[in-house]
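Participant: Here's the letter readout for the chains.
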Amino acid sequence: MVLVWLILILFLGGILAWLADRTRLADPRWIAIATILIDLLVLISFSLSSSSVTIAGQEWWATLDLPWIPRFGIHFILAMDGLAFLMLLLTLFLGLIAVLSSWTEIKKSSGFFHFNLLWTLAGVAGVFTALDLFLFFFFWEVMLIPMYFIIAVWGHENRTYAAIKFFIFTQASGLLMLLAMVALVYFNYQQSGQLSFSYFDLLGANLSGAPVFWLMLGFFIAFVVKLPGVPLHTWLPDAHTQAPTAGSVILAGILLKTGAYGLIRFCVPLFPEESVIFAPTAMTLGVISIIYGALVAFAQTDIKRLIAYTSISHMGFVLLGVYAFNSQGYQGAVMTMLAHGMTSAALFAFAGSVQQRIHTRDMREMGGFWGSAPKMGAIVMFFSIAALGMPGLANFIGEFLVLLGAFKANSWITVVAALGLILAPIYSLVVIQRIFHGKPLVPRDISDFSSREVLMMGMMMLITIGLGLYPQPVMETVGLVLQMGVS
Amino acid sequence: MLNLLWLVPTFPLAGFLLLALCGLPKRLAAWVGVGSVGIAALLTLGIAVEFLGMPASEQVFRQTLWQWMSSGDFTATFALYLDPLALVMMCIITGIGFLIHLYSVGYMDEDPAFSRFFAYMNLFVAAMLVLVLGDNLVLLYLGWEGVGLCSYLLIGFWYDSPENGYAARKAFIVTRIGDTSMAIGLFLLFMHLGTLDIQQLMQSAGDNWAQGSLLPTLAAALLLGGALGKSAQLPLQTWLPDAMAGPTPISALIHAATMVTAGVYLIARTHELFMLAPEVLFVVAVIGVLTLLISGFTALVQTDIKRILAFSTMSQLGYMFLALGVGAWSAAIFHLMTHAFFKALLFLASGAVIICMHHEQDIFKMGGLRKRLPVSFWSFVIGGLALAALPLTSGYYSKHEILGATHVFARSGDTLWAVAVLGALITGIYTSRLIFVVFFGADKTHADESSIGLNIKLPLIILCVLSLFGGLIHVPLDRVFPLQQVLPHLAGTANALTIAAPFVGILIAYLFFYGKPELSEKVAANSLGKMLQRFWFSGWGFDWLYQKLLVNPLMWLVRANKKDVVDSFYHLIAWLIRLLHRLLSMSQTGRVQWYAAGIALGVVVIVGLGVWRQHLWF
Numbered sequence: 001m002v003l004v005w006l007i008l009i010l011f012l013g014g015i016l017a018w019l020a021d022r023t024r025l026a027d028p029r030w031i032a033i034a035t036i037l038i039d040l041l042v043l044i045s046f047s048l049s050s051s052s053v054t055i056a057g058q059e060w061w062a063t064l065d066l067p068w069i070p071r072f073g074i075h076f077i078l079a080m081d082g083l084a085f086l087m088l089l090l091t092l093f094l095g096l097i098a099v100l101s102s103w104t105e106i107k108k109s110s111g112f113f114h115f116n117l118l119w120t121l122a123g124v125a126g127v128f129t130a131l132d133l134f135l136f137f138f139f140w141e142v143m144l145i146p147m148y149f150i151i152a153v154w155g156h157e158n159r160t161y162a163a164i165k166f167f168i169f170t171q172a173s174g175l176l177m178l179l180a181m182v183a184l185v186y187f188n189y190q191q192s193g194q195l196s197f198s199y200f201d202l203l204g205a206n207l208s209g210a211p212v213f214w215l216m217l218g219f220f221i222a223f224v225v226k227l228p229g230v231p232l233h234t235w236l237p238d239a240h241t242q243a244p245t246a247g248s249v250i251l252a253g254i255l256l257k258t259g260a261y262g263l264i265r266f267c268v269p270l271f272p273e274e275s276v277i278f279a280p281t282a283m284t285l286g287v288i289s290i291i292y293g294a295l296v297a298f299a300q301t302d303i304k305r306l307i308a309y310t311s312i313s314h315m316g317f318v319l320l321g322v323y324a325f326n327s328q329g330y331q332g333a334v335m336t337m338l339a340h341g342m343t344s345a346a347l348f349a350f351a352g353s354v355q356q357r358i359h360t361r362d363m364r365e366m367g368g369f370w371g372s373a374p375k376m377g378a379i380v381m382f383f384s385i386a387a388l389g390m391p392g393l394a395n396f397i398g399e400f401l402v403l404l405g406a407f408k409a410n411s412w413i414t415v416v417a418a419l420g421l422i423l424a425p426i427y428s429l430v431v432i433q434r435i436f437h438g439k440p441l442v443p444r445d446i447s448d449f450s451s452r453e454v455l456m457m458g459m460m461m462l463i464t465i466g467l468g469l470y471p472q473p474v475m476e477t478v479g480l481v482l483q484m485g486v487s
Numbered sequence: 001m002l003n004l005l006w007l008v009p010t011f012p013l014a015g016f017l018l019l020a021l022c023g024l025p026k027r028l029a030a031w032v033g034v035g036s037v038g039i040a041a042l043l044t045l046g047i048a049v050e051f052l053g054m055p056a057s058e059q060v061f062r063q064t065l066w067q068w069m070s071s072g073d074f075t076a077t078f079a080l081y082l083d084p085l086a087l088v089m090m091c092i093i094t095g096i097g098f099l100i101h102l103y104s105v106g107y108m109d110e111d112p113a114f115s116r117f118f119a120y121m122n123l124f125v126a127a128m129l130v131l132v133l134g135d136n137l138v139l140l141y142l143g144w145e146g147v148g149l150c151s152y153l154l155i156g157f158w159y160d161s162p163e164n165g166y167a168a169r170k171a172f173i174v175t176r177i178g179d180t181s182m183a184i185g186l187f188l189l190f191m192h193l194g195t196l197d198i199q200q201l202m203q204s205a206g207d208n209w210a211q212g213s214l215l216p217t218l219a220a221a222l223l224l225g226g227a228l229g230k231s232a233q234l235p236l237q238t239w240l241p242d243a244m245a246g247p248t249p250i251s252a253l254i255h256a257a258t259m260v261t262a263g264v265y266l267i268a269r270t271h272e273l274f275m276l277a278p279e280v281l282f283v284v285a286v287i288g289v290l291t292l293l294i295s296g297f298t299a300l301v302q303t304d305i306k307r308i309l310a311f312s313t314m315s316q317l318g319y320m321f322l323a324l325g326v327g328a329w330s331a332a333i334f335h336l337m338t339h340a341f342f343k344a345l346l347f348l349a350s351g352a353v354i355i356c357m358h359h360e361q362d363i364f365k366m367g368g369l370r371k372r373l374p375v376s377f378w379s380f381v382i383g384g385l386a387l388a389a390l391p392l393t394s395g396y397y398s399k400h401e402i403l404g405a406t407h408v409f410a411r412s413g414d415t416l417w418a419v420a421v422l423g424a425l426i427t428g429i430y431t432s433r434l435i436f437v438v439f440f441g442a443d444k445t446h447a448d449e450s451s452i453g454l455n456i457k458l459p460l461i462i463l464c465v466l467s468l469f470g471g472l473i474h475v476p477l478d479r480v481f482p483l484q485q486v487l488p489h490l491a492g493t494a495n496a497l498t499i500a501a502p503f504v505g506i507l508i509a510y511l512f513f514y515g516k517p518e519l520s521e522k523v524a525a526n527s528l529g530k531m532l533q534r535f536w537f538s539g540w541g542f543d544w545l546y547q548k549l550l551v552n553p554l555m556w557l558v559r560a561n562k563k564d565v566v567d568s569f570y571h572l573i574a575w576l577i578r579l580l581h582r583l584l585s586m587s588q589t590g591r592v593q594w595y596a597a598g599i600a601l602g603v604v605v606i607v608g609l610g611v612w613r614q615h616l617w618f
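As given, the protein sequences belong to chains D and L, one line each in that order.
For reference, each letter of the first sequence is one residue, going 1 to 487 in the working numbering.
For reference, each letter of the second sequence is one residue, going 1 to 618 in the working numbering.
Since the hints were derived computationally from the structure, they do not count as laboratory data.
Keep in mind the model is a prediction, meaning the values are calculated, not measured.
Glycine residues also receive a C-beta, built at the ideal position from the N, C-alpha and C atoms.
Take these hints with a grain of salt, some might be off.
[As the list claims (entries may be wrong)] Where chain D lies over chain L, by a calculated footprint (3+ residues, C-beta under 8 Å): (1) 146-153; (2) 156-162; (3) 180-191; (4) 452-459; (5) 557-566.
Next up, chain D with everything else stripped away, as it sits in the complex:
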């Protein structure tokens, strides 16, 4: 039941936040914080006390299986393993960061805003724990709609365009996934006579004769849109740029991870043989994302757009690692997901705070901020350096392991991917140069980070350093590549 509570608390907290604002009884921001903290507490205390069960050759910390729509073989299955646990932890932590980062930004209907924020988190928590395909699809949609509102209502100048673009891309790919799901269930029914949307029933499905490759592709495309991988990425720069700070933090830090999670949890284990055949193509797409994202990022003058494109570049490493099918690639991919969660969230939070201070995101109007805001400068320097893969920090562990694993799987593709290591400092350091160094075109003083912002950034810095110097506990939690069902 704990798994249900993990999701339910967020849903309830969202409603409470809305009500609190309508009745002016409490500050919805504090309700959001309290909700997330309680959820974190539940998650952590549960993880400390859990014992694992083995289903279908995999270890699960907890499972829940209730009938939902028995007629169609749809169950309400939630389950958690190490990967899901880490993703939930990331989700809740960054949820906290998101609330903090928009603390003073949201002026209108704060209650509805935090309602949407918590519901997005709830949807994401559902996505990370649902193991019935239909339920997964349900949560996949749940996290999308409140996010749409966050962008469309509280976004910046071009918000409607960005919100609709985000919606169409995700909807279209979601539809593709739904079709692939239904077809998969149908073919499985034909073969085994059992109608079931359960992940565990479908894992070992023998689907001879079915167009399995196309089904795999349906899942793959849906997840790569979310990841996002080039050429399905163009919703992301607009959505990130136009979203309010909390929206960008959640989008970059969490929502993108659902795509990677989907690949690891569903796309590869459900279609292991097809995935092996498809691996070179997927890895190539990963490399294209790495290089293309980095090159386009370098050209940007809008700081949020720049960070958005770097996300594409970094998530390319995840794609590369997942399809390397060895432990280094797999664990590296998960480490990259966590590390990118920290750095991108921190950089978006920074971009938001700059926009709030000087009402522009255009880096051409910035410069020389170090003098008046040294704390901000040092912190952003830290995260830029983390993002470019400095050893000792989290992102390095991820990228290094991914490349190490991918090199074994496909050396030439990996050599090209490694060029991303050269491009990363080119775009990262130019951010520092344009914003903090040099002299400003318009002389202005910018107020330094407040203690709320320092606290928020400090937490993320500590995690980034911790993961970089001692990633072992996390890697053990992630488990070995065997969990993907491909040897």
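Starting from the known structure of chain D, fit chain L onto it as the hints suggest.
Facilitator: Using the frame of chain D, we list chain L on its own:
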């Protein structure tokens, strides 16, 4: 004492954290900054005494701190590995590092960002120590990238001017190109040998790979890429001269004494692998002589005091690469050490000159400073003598060893030797040109040494002593490297030429820049001279070439695609749908005739289709 090894990098790291996190007042910042490195130096001294007291065959110490990461069959530990090679490097880093920190207290005295400077410097020392003490290549890579980061931070230390920022980014990115090659080398080594632990790796490479076969050649070449970037050798040398934008103490510490020698250290550390790849080793030697020659010529015509020293550093690193290439491993490390003494001295002395000249760096605006700046002058003379490798100075011993080993090297040793001797002649010229122009001739300024205190003078004096007598230090590397087959011994003409070359150089410089300055003007005036001067001054046009070949195309591509060409595909879809929408809404005219006509047409088409299909089927 040996068990305290982990404290050696920890103290500077703690110093960095203190300086970065607590806004310490200036005096305290100086104590923390200098003190942390001082303690590290004392610890190193204690460790060195104990370590060298052990029997030579037992001189290896490993300290595992914690398991860093383990994934499948890959493991990397945070473990330190001390052997005589690491010890020599450690002594140089903490010893010279301490002197330079001390000097910096005086040099950076008036800088508002005093404690930020020491924070970066301490972080650098910590990273450099990790680099040389790392037990596996991943940990070495951590130090490797760490020193690169500090180099970036310190080159761009005065961030107000965009040029400094550009120089800093250039240094980082150019060395990152080399680092990436090195990273790929690591992947390759792990894929084929299954470990990145240096000692195991060397063992396993020797067991599994035949000399001269493809894999060791490839792996060594990839590692070499990293070494070339860090040590500013052809073709990745262009970042070093621009790196002089940073404060002078960091030029001494990072860009002369320690970081730029990391490439030499890497090759020496993995020499077993390089010996399996004789082709690559030969390339190392060739790159070494080319770099020493090209940068020597470039140094000849520079006018900025620090740029002259920068090119001379590249040139001396070229000698070290030459030594590595011909298998004179100990000589390379020996020269690394003596070079650290005299080049740190020269940079620090030039810093003193620059302070006294109120931040003037053009040597032709100086002149006659001999009497006005006696400490700087004597430092320059002693450092210059050692750099030119005149007999009895430290530079002489190490360079002589290198030239001797080169001369007996089996593969075109004669040619390599001849070029290196020519390089020594040029070294003599540019070194004494610098000294003649700055310290002799007409008195052009009113500078004096009143503004530099004891904390600047003391390091200079100590480094003077080391530059003069440091050649007598015996580097205890005999058991680390294989013994050389042929004992390098120069005799007869070769010996005479080797010794004479720098003297000739000094003589030429004396003629051109002191005795008959009109001679140099005459050379500079004729068209060939002008052309050569322009060509050499630009560093042989490498920057220009890279700008045209790499930077401009990349920038063009990036600018052309700012709006993300992929997005236009989706815009096209959106446009098509809107077009369709408009076409269809055009049919909604509201006029009954049109609708009736539409219905009629529809009926005709459907009936027609039915008839046609029937016709086809039956």
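Participant: In ascending order, which of the hints set out earlier in this document are inconsistent with the structure?
Facilitator: Hint check: 4 fails alone, others pass.
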